[in-house]
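Put chain Y on the given structure of chain P with help from the hints.
Number of protein chains: 2
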Amino acid sequence: MILEIERKFLVSGDAWRSQVSGARRIRQAYLANGGTTSVRVRVIDGSSAKLTVKGAARADGPALSRPEFEYAIPVADALAMMEMRNGRIVEKTRYLVPAGAGRTWEVDVFTGALEGLVLAEIELERPDEEVALPDWLGREVTGDPRYGNMALALEA
Amino acid sequence: MILEIERKFLVSGDAWRSQVSGARRIRQAYLANGGTTSVRVRVIDGSSAKLTVKGAARADGPALSRPEFEYAIPVADALAMMEMRNGRIVEKTRYLVPAGAGRTWEVDVFTGALEGLVLAEIELERPDEEVALPDWLGREVTGDPRYGNMALALEA
Numbered sequence: 059m060i061l062e063i064e065r066k067f068l069v070s071g072d073a074w075r076s077q078v079s080g081a082r083r084i085r086q087a088y089l090a091n092g093g094t095t096s097v098r099v100r101v102i103d104g105s106s107a108k109l110t111v112k113g114a115a116r117a118d119g120p121a122l123s124r125p126e127f128e129y130a131i132p133v134a135d136a137l138a139m140m141e142m143r144n145g146r147i148v149e150k151t152r153y154l155v156p157a158g159a160g161r162t163w164e165v166d167v168f169t170g171a172l173e174g175l176v177l178a179e180i181e182l183e184r185p186d187e188e189v190a191l192p193d194w195l196g197r198e199v200t201g202d203p204r205y206g207n208m209a210l211a212l213e214a
Numbered sequence: 059m060i061l062e063i064e065r066k067f068l069v070s071g072d073a074w075r076s077q078v079s080g081a082r083r084i085r086q087a088y089l090a091n092g093g094t095t096s097v098r099v100r101v102i103d104g105s106s107a108k109l110t111v112k113g114a115a116r117a118d119g120p121a122l123s124r125p126e127f128e129y130a131i132p133v134a135d136a137l138a139m140m141e142m143r144n145g146r147i148v149e150k151t152r153y154l155v156p157a158g159a160g161r162t163w164e165v166d167v168f169t170g171a172l173e174g175l176v177l178a179e180i181e182l183e184r185p186d187e188e189v190a191l192p193d194w195l196g197r198e199v200t201g202d203p204r205y206g207n208m209a210l211a212l213e214a
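Which chain is which? The protein sequence lines are P and Y, in order. Take 59 as the starting number for the first sequence in this note's numbering and just add one per residue. Take 59 as the starting number for the second sequence in this note's numbering and just add one per residue.
So that you can see chain P by itself, here it is in the shape it has in the complex:
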């Protein structure tokens, strides 16, 4: 188990693209949700897969904290489990942008049903960690239920 601590922002413009250090294609879906618990299956670059259980999120200073349990699983299992999903398969390209101090902005450019949405997340070690906010960030949406990964998978 790890405790995931993160902040999330809308992204405005393309200035981040010149700083990209890596990218991967992500397809993910939610298998089930038990109120505050979610179970997600994710395929990365079509070649690896993970099963992730997340517990209840809670506001923790400016960030959101959430227990997270993640296991590598066979891609074939992930693809079969996606057929058992709730809601849609979410597709995005995740671009990695160095954030300084060893941290990374993950800029998610959604495709398919969520085309046009671009979100940036940063994972922190401590909820109160200072973060330099680049100009290309838009409004902060940490804790906004509309931008939660599960909401994006379930909303019409």
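Wrong hints could be hidden among the right ones.
Same chains, same label: a pair holds when it works inside one copy or across any pair of copies.
[Stated by the list, open to error] Restricting the straight-line Cα-Cα distance to at most 20 Å, the calculated cross-link-like pairs of lysine to aspartate or glutamate (DMTMM-like) are: (1) K108 / E126; (2) K108 / E181; (3) K112 / E128; (4) K112 / D193; (5) K108 / D135; (6) K108 / E128; (7) K108 / E187.
It should be emphasised that the hints constitute simulated quantities derived from the structure, not laboratory data.
Just chain Y, lined up with the frame of chain P:
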């Protein structure tokens, strides 16, 4: 992924006890359920643990078939995930009783909130496989939603 094919019965009396070839203590809970999909965490003999995703059950001849994905996980993860459960922790001792032809009756003697309930399950390779039914079996409850593992965890 495996396809789990099983039949389930109530158990009457103790005649099976003289044939027990093994036993293990099981504690399990459900993390989430997405309609037909369930996610279960199980600790066996306090020393190993599994995370199991099951898809929709469907009647298949006299048996019930269901896609199942199971992964070994650290016991510490399982115990932490149990805190995120829906419903209760189900506790039982599972006794193994040889069924012939390489198969095994799993006789589950529940304790705690379900004290008094005893169920026997057999896993089959084919839905139409012939099964010799020992005298100590009571009524068949294959497919009876009241005796599903998730129902037993969720019902008051």
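Verification of the supplied hints:
1. K108 / E126: both (12 Å within a copy, 16 Å between copies)
2. K108 / E181: Within one copy, since 18 Å is at most 20 Å while 28 Å is not.
3. K112 / E128: Classified as both; 9 Å inside a copy, 18 Å across copies.
4. K112 / D193: Neither, since 31 Å and 45 Å both go past 20 Å.
5. K108 / D135: both (10 Å within a copy, 16 Å between copies)
6. K108 / E128: both (7 Å within a copy, 13 Å between copies)
7. K108 / E187: neither (28 Å within a copy, 35 Å between copies)
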